[in-house]
Amino acid sequence: DVKVTQSSRYLVKRTGEKVFLECVQDMDHENMFWYRQDPGLGLRLIYFSYDVKMKEKGDIPEGYSVSREKKERFSLILESASTNQTSMYLCASTEMPIEGLAGVDTQYFGPGTRLTVL
Amino acid sequence: ILNVEQSPQSLHVQEGDSTNFTCSFPSSNFYALHWYRWETAKSPEALFVMTLNGDEKKKGRISATLNTKEGYSYLYIKGSQPEDSATYLCAFLDFGNEKLTFGTGTRLTIIP
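Chains F and Y, in that order, give the protein sequences.
Heads up: the first sequence is residues 998 to 1115, going by the working numbering.
Heads up: the second sequence is residues 3 to 114, going by the working numbering.
Because the hints were derived from the structure by calculation, they are not lab data.
Hints should not be assumed to be uniformly reliable.
Residues from chain F that keep clear of chain Y, each with C-beta distances beyond 10 Å, as calculated [said to hold, decoys possible]:
id : residue
1  : S1005
2  : K1015
3  : D1023
4  : M1024
5  : T1083
6  : F1106
Cβ-Cβ distance ranges computed for the label pairs, FRET-style [as the list claims (entries may be wrong)]:
id : chain 1 : residue 1 : chain 2 : residue 2 : range
7  : F       : Y1007     : Y       : Q16       : 30 to 38 Å
8  : Y       : N99       : F       : N1081     : 47 to 55 Å
9  : Y       : P10       : F       : D1048     : 38 to 46 Å
10 : Y       : K71       : F       : E1066     : 43 to 51 Å
11 : F       : K1054     : Y       : Y33       : 14 to 22 Å
12 : Y       : T42       : F       : V1009     : 16 to 24 Å
13 : Y       : T53       : F       : D1056     : 16 to 24 Å
14 : F       : I1074     : Y       : G98       : 28 to 36 Å
15 : F       : G1037     : Y       : S29       : 20 to 28 Å
16 : F       : I1074     : Y       : Q16       : 43 to 51 Å
17 : F       : E1066     : Y       : G56       : 40 to 48 Å
18 : Y       : P84       : F       : T1083     : 28 to 36 Å
19 : F       : N1081     : Y       : S9        : 35 to 43 Å
20 : Y       : H14       : F       : S1062     : 24 to 32 Å
With a straight-line Cα cutoff of 25 Å, these simulated PhoX-like cross-link-like pairs (lysine-lysine) come out [to be verified]:
id : chain 1 : residue 1 : chain 2 : residue 2
21 : F       : K1000     : Y       : K44
22 : Y       : K101      : Y       : K59
23 : F       : K1054     : Y       : K101
24 : Y       : K61       : F       : K1000
25 : Y       : K71       : Y       : K60
26 : Y       : K59       : Y       : K71
27 : Y       : K80       : F       : K1050
Model, not experiment: these values are computed from the prediction.
Glycine residues also receive a C-beta, built at the ideal position from the N, C-alpha and C atoms.
Take these sequences, add in the hints, and give me the full structure.
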């Protein structure tokens, strides 16, 4: 079974702090994604990565950066946390599809990190 | 911005009853439609990925249909059980786009 783990289930940080959210997958997947989920909104893509050291902006990248130094690990960084970044953050991974788009494959999600910024 | 809508937003169903809910998405440039189940305190779990108009997929008591021409998918649950309580998410992928667009989900509660 694919396992996607996230470093923390709950995190409380102060405004202005630098925050690292870590995600690790154990199935050698090529693609990794960071989403946030807020009440009344669907999951929104922050950043994704096709390969080591590669990253692409999603729909809401402002205020975030990412790092993928190793294939299995994808980190989300909040350079200076703000209260509007209080949210549930979900990491996901997919295999490289044989053909077609990365988004066609089943996404395997981590359990989420609920981040509160005070 | 793509519009993916799910209805109803929430639903209470008596144990043993069957139920269904809807995901609506743009009918042009369709590539794939995903369904996920997200139980509280757990990871979202894939149910189906559907790509062909008219597709029907089944997993135990749960099934889904797809109409790409009119832009909707139905998820059916037969004989609901308490363990079916979850939020059900659909996600749309249009051709040429690497990113899924998620709906806001249908929160299903099964009443014992």
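> Holds or violated: are the alpha carbons of K61 of chain Y and K1000 of chain F at most 25 Å from each other?
Replying inline: 21 Å, holds
> Would the least Cβ to Cβ distance between S1005 of chain F and chain Y come out above 10 Å?
Replying inline: Nearest chain Y Cβ is 14 Å from S1005 of chain F, so the label holds.
> How does the Cβ-Cβ distance of Y1007 of chain F and Q16 of chain Y compare with 30 to 38 Å: does it lie in that range?
Replying inline: 34 Å, holds
>> Verify this label for me: F1106 of chain F is non-interface relative to chain Y, using a Cβ-Cβ cutoff of 10 Å.
In response: 4 Å, violated
>> I want to verify a distance hint. Is the separation of the beta carbons of H14 of chain Y and S1062 of chain F within 24 to 32 Å?
In response: Once the Cβ atoms are compared, 42 Å apart, the range 24 to 32 Å for S1062 of chain F and H14 of chain Y is violated.
>> With the threshold set at 25 Å, check whether the alpha-carbon distance from K1000 of chain F to K44 of chain Y stays at or below it.
In response: 12 Å, holds
> Are the Cα atoms of K1054 of chain F and K101 of chain Y separated by 25 Å or less?
Replying inline: 10 Å, holds
> Between K80 of chain Y and K1050 of chain F, does the CA-CA distance stay at or below 25 Å?
Replying inline: 45 Å, violated
> Should the hint that N99 of chain Y and N1081 of chain F are 47 to 55 Å apart at their CB atoms be regarded as holding?
Replying inline: 26 Å, violated
>> A cut-off of 10 Å on Cβ-Cβ distance, and K1015 of chain F was said to be off the interface with chain Y. Does that hold?
In response: Holds: least Cβ distance 26 Å, greater than 10 Å.
> Can the suggested window of 28 to 36 Å be confirmed for the beta-carbon pair P84 of chain Y and T1083 of chain F?
Replying inline: 31 Å, holds
>> For T1083 of chain F, is the shortest CB-to-CB distance to chain Y above 10 Å, so the non-interface label stands?
In response: With a cut-off of 10 Å, T1083 of chain F remains clear of chain Y, as the shortest Cβ separation is near 18 Å.
Consistency note: the structure conflicts with the earlier hints numbered 6, 8, 19, 20 and 27.
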